[in-house]
Every structure is written in structure tokens, then in C-alpha cells.
Amino acid sequence: MRYAETGFNLEVDLTRGNIEKVATDPRDTELYLGGLGTNAKILWDRVGPEVEAFSPDNLLIFGAGLLCGTPATGCNRTIVTTISPQTKLMVFSMMGGFWAPELKYAGYDKVILRGKSPDLVYLYINNDKVEIRDASHLSGKGAIETGEILKKELNESKAQVAAIGMAGENRVYYASIEQGRSSASRGGIGAVMGDKGVKAIVVRGTKDINVADPEKYIELCNEVLEYIKFREENPIPGVMAILSRLGSPQEMAVHDEKWHTENFSWGNSRTRRKDFWTEEVATEWKETLESARTRLISCYNCPMKCGATLSLPGLPTYMMKCFTKLTYTMGAFSNLEFGLRIAQKATEYGLDGYSTPQVMAFALELLEDGILTDKDFPEMPADTEGRFYYLLDKIVRREGIGDTLANGTHWAAKEIGNGAEEYAHNNIKKVEQLPLKLFMMNPIYYLMYCTGEKMNITQIEGQFPQAPFPKREHREKFVKDWFQVPDEKFKQYFLDWEMRGEENVTPFYPTVEMTCEIVDWQEKMHYIDDALGMCAGLSSFHLKPPYHMHNFPKFITAGAGLEMDQDKLTKAAKRYRTLVRANNIRRGMRRKDEVPPADHWKKRFPELEKELLDTYYQYKGWNNDGIPTKESLHELGLDYVAEDFVKRGILTDGEDSPFEDTSSEEAMAEKEKK
Amino acid sequence: MTVDKIDEKKKIIKTIKIDVDKCNGCRACEVICSAFHAAPKYSSNNPARSRIRIIRDPLRDIYVPVYAGEYTVAECAGRDKYTIDGKEYDECSFCRASCPSRDEFKEPDSGLPLKCDMCEGEEEPLCVKWCLHDALILEEREEEMEEEVEQEDLEIGLESLADKYGMDKIMDAVVRMNEKD
Chain A
211 MRYAETGFNL EVDLTRGNIE KVATDPRDTE LYLGGLGTNA KILWDRVGPE
261 VEAFSPDNLL IFGAGLLCGT PATGCNRTIV TTISPQTKLM VFSMMGGFWA
311 PELKYAGYDK VILRGKSPDL VYLYINNDKV EIRDASHLSG KGAIETGEIL
361 KKELNESKAQ VAAIGMAGEN RVYYASIEQG RSSASRGGIG AVMGDKGVKA
411 IVVRGTKDIN VADPEKYIEL CNEVLEYIKF REENPIPGVM AILSRLGSPQ
461 EMAVHDEKWH TENFSWGNSR TRRKDFWTEE VATEWKETLE SARTRLISCY
511 NCPMKCGATL SLPGLPTYMM KCFTKLTYTM GAFSNLEFGL RIAQKATEYG
561 LDGYSTPQVM AFALELLEDG ILTDKDFPEM PADTEGRFYY LLDKIVRREG
611 IGDTLANGTH WAAKEIGNGA EEYAHNNIKK VEQLPLKLFM MNPIYYLMYC
661 TGEKMNITQI EGQFPQAPFP KREHREKFVK DWFQVPDEKF KQYFLDWEMR
711 GEENVTPFYP TVEMTCEIVD WQEKMHYIDD ALGMCAGLSS FHLKPPYHMH
761 NFPKFITAGA GLEMDQDKLT KAAKRYRTLV RANNIRRGMR RKDEVPPADH
811 WKKRFPELEK ELLDTYYQYK GWNNDGIPTK ESLHELGLDY VAEDFVKRGI
861 LTDGEDSPFE DTSSEEAMAE KEKK
Chain B
120 MTVDKIDEKK KIIKTIKIDV DKCNGCRACE VICSAFHAAP KYSSNNPARS
170 RIRIIRDPLR DIYVPVYAGE YTVAECAGRD KYTIDGKEYD ECSFCRASCP
220 SRDEFKEPDS GLPLKCDMCE GEEEPLCVKW CLHDALILEE REEEMEEEVE
270 QEDLEIGLES LADKYGMDKI MDAVVRMNEK D
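Quick mapping for you: the protein sequence lines, in order, are chains A and B.
Offset between the first sequence (1-based) and our numbering: plus 210.
Offset between the second sequence (1-based) and our numbering: plus 119.
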């Protein structure tokens, strides 16, 4: 018997219209856990570097985390993996909500889509009954609207629906997959779904999920719940509000946006507005949010209320969470009312809330600076808000300039040329980032921005405080009940971190070695979450989270019945993290791609940065070009990767020296033009 | 609501107070309910076996936790829709019955009816414990047993039956029921 997982994947060949229920190998669970881990393995095995995002040979994998569907609080994430049209690398975007547990209850751990359907279809999974059905009547419909129509049509009010909007259908490179109150947004996975001709996946399941050691498992779950209560009653002092409490940043609950509006940049991530947050703005925005918000809501089996239902006069109700609240507002230099209104449209279109406003602000900046002209924007309104609506429609329909902009700032800039590339300034690995522009380079963040393969800083940060506390006594108090650290040394690192003075200050403290250890720990916790399906809001994103390196192995043992301890879990996480990198290395990613957004920090330290990256690569078992070495691959049982690398000339047979890079960004771009 | 007898005169009434305004729709109550009632206890979970269900329609802001009550053979002849605070609640939204008209409160494979037992043996029903937002609150109160009143009820009932069927038939029925026992 399989525990926590179902032991079956659903393989759907859209070209032939064939559906198979395939038993999975329990040894893969031991090696790669599940969710992201096993997704990465499948992608490695079946999607070679020659396969492009919009090839029928690309796979779109919906993987439920290993512990999804068990009573573990907050474990509800679907990890969607494919080749991204935007980065041309492996992408794994995640969504919370209710979809992954429902898939488990239907009897599957993953849905794997391959091929392309000639006509628009949707997939209907109801326990053992799985059908590919005609979706021509849903063409052009909104993502949320589609879910509602299908539930009604099928008379399945309890079904969960993951759907794309018009953006996905038209293969916008930053199209999302929406699912009620959650979405998998980054990297254009919605475009891949649209390319495959799949409008939605409807799931309904009424089967059991078993755990291996019931008494122990429920005890662990109860401990977590108790600790969540404790943390809710005892927010962490001395850190910004969004880090003091668990959950995704509580953007739907808070009114005070002084910090975001004055510290993040407006427009195309350019302008800081130091005195923006006046009493007048505060009152107006509070009224906007309160009149729009009907209820704070949660994902499956989680007490945190990170999302909200929003109803604005004259618009259909929709759901939102986190920072999309402000991205449109700030991109357009407007107010919250505008931001919430346009986000409703963008959610139905199925678009990433980080990239979309930035692409539109980028276009308007190009117009302002004469790189684009009025001719590129026929009949565009004069006001910025009107222009945002105009551009939104052009992008999702790929009309006129919208067709260029639909590829994101990186590719649009390349196509527009004439200096436009300077304007796509806020990306890592071609993906638009949060509009943060800071003064002094921070070594921890430097490594995270450079080497993160989730292309999103919030998906690698967490665990360790972002900044030192001013007084030692505060630091002493902080470390007192910091039992989550995997090693006591991290407490000392924090205790000795000074805010001012000559010694132990940023950027030369934490030292290079300490920085490597901290970043590795932070990243590891995210990767564990992504295999188990755990929400980062109760885990890796937070200081002092309920889930950590000490109870995760127990959860896996009692839940999935795998003998697990801290070392084994560390090794497993390292194994599939390396496999993610291996997928990307095989697709041409190298050290030169591992840079922070160009203007993220004003004050840079090139020598220190080089030393950081050199040391971190070594720490990770990668060579100086960021390629996992044969030795480290062997240690992780990934000899098959090493063999592939040698065969492709990525590693040489004799030693682990980097091979001359032929698949650079430029070469890729050349290929693109052809 | 269930009733525990403590002595001849008093009983404890357990009530779960449901505050639909506080429900965040997470369904933790369904998760823990189905896990507790699995055999062996906690060995599996499956909200489709839960004895509490959230009637849930986020876009219309409808969140109604409902507990499984009695099994009924026949569905209601007429069904009602309620509008409360401008929100229309579907027929059956507030009904606790395991009933042929819907698949709530039935074992998914056998179709056998489910009924809430307030998690017998636990300090409090586990759905209450797992609801951190107090949408579900357990209330216990003692009540005097009013036997006389019950007697009165019985006599009123019998009288109406006697009026309808005649005293003889009632006596015959009582004798027959006695023999069966």
C-alpha cells in the first residue's frame, strides 16, 4: 500500500486523445519525494533540451505535493512544471487553493499533459472517470468564469477547476493558470496550457488518502496547529508586519501601505515616492478595500486568511491575495480603486500580476522616450489608467504592439530594439521581478537573486532575518525560542550581526561562508515545501515557521511511510534541486545568466560578489560555471545526469572543467529569429 | 444536538454554535472529521466521508457548515430557497438530513448514511477544535428534565390518535407492539 501518495499518475496524450492511469515507481518517491522532485525527474527523462515550450513534446505536469490531501495544515499546493516560453528553461510555478487535494482524492498524484489537441478541450476527472471534452463554447471566456460554467454544466458544485483565460489561449508568455482563489502565475505556464489546447482541468475526487502511522501523524498535525495559534498570539517583534505573522503577506487584511508605496518603485520600476503615504491616501485606500472586500478566505485546510473575495460595483466578484493588490496601482501611478478594478479583468484574462503591470509600464516608458511612437498605439486613450486597460486588451489578444508585449519585457525589448533593452531592467533570467530598488548590495540576497531558479525572490527567501536587529539584547531574545534552525551556529551568525560599526556589518557580514550556508538553508526549505506541497506561508517564507527541518522528516515518515531523518531529507532535497539545475544547464543556463536585476543595488562590490558566487557554487557541488560536477552528481545518485552531460560535451570525460558555452543567450536568440 | 443523561432530573445539551460570518471556507473541519472517523482512527482522510460539510460558494459569499443529522427515506416534497442579507441560499443549504435528493452525508462507496456523533470520547468535537476562527463553538448547558410535560405531550398525541382511529384500534396496536417486544 502507498501512503500519502496515491501511486498513480494520469498520462494524457492530447494529440491522440488517449488517457492512461499509470502506476508510479515507489523508489522514485524515496529519491525525489513528490511534487517538484518527481516533476523534475519526469522532465529530465522525457523533455530534452531540443524541445521548445510550444512543442507537442513539451510536457505540462500538474503535480500534487507528496503530503497534499493528508490532514497536515496548509499542505495544498499544486506544482506545475513545464518548459517556459519566457525563459526557455524549466519552470515550476505553484498554486495553493483546493485543486491538489481534490486530485489526490480522485486517485492521482499528477496529471501529465503531452501533445496538442487540435481543438479547444477541457479535461474532466471524476475519480476513475476521465474524459477529454469539447471546450469550444469556453473559448475566450474568463478563467474564473470558465470554472463557474463548468461546475454548473457538470452539476458538480464540489469540483475544483484550474483554467486559463484569454491570455493563456493566445499564448501570452506570462499567462497564468487560475484556480478560484489561487493561481500558478510565473513563467508563462498558462501559455503552454493554451498551446496544448486545454482550457481547463476539472477535478472531483471522493477516495481516501492513507497515512502510514496514524497516531503519530495526527499528533504532529496537532502540534503544528498549536504552534500556529501560538504564533498568531505572539507576532515576532522587530520585523516588518508581513514577516511578523504567518501566512502569505497579509495584503488583503492590512490597510497601512506606507512601506510598500514608499519603498517599492512605481511605473516601470523606476520612481520612489518618498512622501506618498499621506493621511488622505490612507483614508481613501482603506475605504476602497473595505467596501470591495466581502470576506477574508483561506486555501484548503489552512487557518491563515491570506486571500479575499472582492466585489467592486459593476464588476463580477473575484478573489485575490498578496501583492497583486498594489502592482497595477503602482505600475500606473494610480490609486487602489484602479488597481483592484483592473486586476479583476486581468484575473479573468489569466495573467501574472507581477509581470503584466510592469510590461505595460515598460511600453509607456518606451513611448514617452520616443523608442515607440504614437503609431504603435492607435486610438490609445490619453490617461494612464485608460492606457493600461487599452494595453491589457491588446496584449491578451496579441493585437498590434500587444503581440510584441505579450512576450514580456525581455523579448519585447529585443524585438523593438533601438535601445529598448535598457528598459527591460528589472528581470532575472528574463522574468520581471518585484519593483525593489535598494542602496547597498546584500550578500544573502545577491546569491538568492543570482542562483534562484524559481525566478522569484519570495520563493527563495525566508528563515533567516532579512536585516540585523539594532541591539544585541533584541537579538538574544530573538534566538531564545528559535528552535527551527537546523544547526545552532545560525543563532551565533545572527547574534554577531551588527547594524552599524566597523565589524560584522553588511556587506562583509555574514561572511562569504556563512552566507553560503544561510542561502542554502533558505533554498532547501523552499524545495522541501515544493516537493511536499506545503505552503511557504506556513513554512519556508517565514522566520520561526510551524514546519521546519526538525519536524518535516517525522511528517514524511509518519505520513508517507518513508524512513526519513534530517540527513536523508537534506540529501533528497539536494538531489532534486540539482536535477532542476541539471534540466536548466542542459538548456544552456550558465554562470553568465546568474545575475541580479541590473539596477537592483546602487552600491555594488564586484570582488565580493565574485567571491560569493565562486564559493557558493563550490558549496553546492557545482563547477565555476554553475554546472553540477560529476563527483557531486555521483554522490547524489545522479550518474545518469553526469553521463548525459559528458555525452553532450557539457562536462568533459576527464575532469569537471566547464566546456565552452555554445548555447548562450545570444545563440538562443539567433535560433528564435529563425 | 445530542443529549447525555446525568441523572433522572438533569441532562446536558451539547450545541455547536455555527457562525457563518466567521467561516473562512478552509474545510479543516471536514478533514479532521473524516480522519477521526476512519478505521483505524486517523488512518485515512477523505472529506467525502465527513459528517460536517461546508456548503460553499465563494463567489456568492456563501459558507454554511452543516452537520449530518438523521437519515431520511424520502426527500421533501417542496423545497425552499432563502434570501438572507441579499444572498440567495439554495434549497437544502441548511438541511442536516442524509437524503435521497443529494449526495451529502453518505459514504461515497456504500451510500450508507452518516451522522454526526460529536466525536464521542473526545473533549470536544474535533471540527470545533480545528476551527481556529471560532466559526464552530461548542456550548454545553444543563437542562431540567420536564417529565410531566413529556407526559402531557404523550397524552395529547394519544388523544389525537384516538380521535382519528378510535380507542379500540389504539389499544390493539399497543398490545401488538407489546407482543413484538
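Just so you know, the hints here were simulated from the structure itself, not pulled from any lab data.
You may find that some hints are simply not true.
Mimicking DMTMM-like on lysine to aspartate or glutamate, the simulated pairs with C-alpha atoms at most 20 Å apart in a straight line are [as the list claims (entries may be wrong)]:
#1 K141(B) - E443(A)
#2 K439(A) - D691(A)
#3 K439(A) - D176(B)
#4 K248(B) - E708(A)
#5 K362(A) - D176(B)
#6 K206(B) - D338(A)
#7 K368(A) - D228(B)
#8 K368(A) - D253(B)
#9 K439(A) - E242(B)
#10 K681(A) - E708(A)
#11 K248(B) - E429(A)
#12 K225(B) - D338(A)
#13 K362(A) - D253(B)
#14 K362(A) - E207(B)
Incomplete in silico selection of chain B near chain A, CB under 7 Å [said to hold, decoys possible]:
#15 N143
#16 A147
#17 V150
#18 H156
#19 A158
#20 A167
#21 V183
#22 T202
#23 D204
#24 F213
#25 P227
#26 S229
#27 G230
#28 L251
#29 G285
Glycine residues also receive a C-beta, built at the ideal position from the N, C-alpha and C atoms.
Evaluation of the provided hints:
1. Pair hint K141(B) plus E443(A) holds up; C-alpha atoms about 18 Å apart against a cutoff of 20 Å.
2. For the suggested pair K439(A) and D691(A), the alpha carbons sit about 16 Å apart, so the restraint of at most 20 Å is met.
3. At roughly 27 Å between alpha-carbon atoms, K439(A) and D176(B) are farther apart than 20 Å, so this suggested pair is violated.
4. The suggested pairing of K248(B) with E708(A) is violated, with an alpha-carbon distance near 43 Å, which exceeds 20 Å.
5. Between K362(A) and D176(B) the CA atoms are separated by roughly 12 Å; this keeps the pair inside 20 Å, and the hint holds.
6. For the proposed pair K206(B) and D338(A), the alpha carbon gap of about 35 Å is over 20 Å, so the pair is violated.
7. Between the alpha carbons of K368(A) and D228(B) the distance comes to roughly 17 Å, so the proposed pair stays at or under 20 Å and holds.
8. Among the hinted pairs, K368(A) with D253(B) is inconsistent with the structure: their alpha-carbon atoms are about 24 Å apart, more than 20 Å.
9. At roughly 19 Å between alpha-carbon atoms, K439(A) and E242(B) fall within 20 Å of each other, so this suggested pair holds.
10. Distance hint between K681(A) and E708(A) is fulfilled; the C-alpha atoms sit about 8 Å from each other, no more than 20 Å.
11. Annotation: proposed proximity of K248(B) to E429(A) holds, straight-line Cα distance about 14 Å (limit 20 Å).
12. About 19 Å separates the Cα atoms of K225(B) and D338(A), which keeps this hinted pair within 20 Å; it holds.
13. The hinted pair formed by K362(A) and D253(B) fails the criterion: a straight-line CA distance of about 31 Å is larger than 20 Å.
14. At most 20 Å may separate the alpha-carbon atoms for a hinted pair to count; K362(A) and E207(B) meet this at roughly 16 Å.
15. Nearest Cβ of chain A to the Cβ of N143(B): about 4 Å, under the 7 Å cut. The hint holds.
16. Taking 7 Å as the C-beta contact cut-off toward chain A, the hint placing A147(B) at the interface holds, the least distance being around 5 Å.
17. The criterion of a C-beta within 7 Å of any C-beta in chain A is met by V150(B), whose closest approach is roughly 5 Å, and the hint holds.
18. Evaluation of the H156(B) hint against chain A yields a violated restraint, the C-beta minimum of about 11 Å exceeding 7 Å.
19. Below 7 Å, beta-carbon pairs count as interface contacts, and A158(B) has none with chain A, the closest being about 10 Å; its hint is therefore violated.
20. For the restraint placing A167(B) at the interface with chain A, the shortest Cβ-Cβ distance is roughly 4 Å, inside the 7 Å limit, so the hint holds.
21. For V183(B), the interface hint is violated, the least distance from its beta-carbon to any beta-carbon of chain A being 13 Å, above 7 Å.
22. Taken as an interface hint, T202(B) does not check out: its beta carbon lies about 16 Å from the nearest beta carbon of chain A, beyond 7 Å.
23. Proximity of D204(B) to chain A is violated relative to the hint, the smallest CB-CB distance being about 11 Å (cut-off 7 Å).
24. Hint status for F213(B) relative to chain A: violated, with the closest Cβ pair at about 16 Å, above 7 Å.
25. Interface restraint check for P227(B): the shortest CB-CB distance to chain A comes to about 4 Å, inside 7 Å, so the restraint holds.
26. A cut of 7 Å between beta carbons decides the hint on S229(B): the least distance to chain A is about 12 Å, and the hint is violated.
27. Interface hint at G230(B): violated, since its Cβ lies 12 Å from the closest Cβ of chain A, which is beyond the 7 Å cut-off.
28. Look at L251(B): its Cβ gets to within about 4 Å of chain A, closer than 7 Å, so that hint holds up.
29. At about 49 Å, the closest approach between the beta carbon of G285(B) and any beta carbon in chain A exceeds 7 Å, and the interface hint on this residue is violated.
Of the numbered hints stated above, those contradicted by the structure are hints 3, 4, 6, 8, 13, 18, 19, 21, 22, 23, 24, 26, 27 and 29, listed in ascending order.
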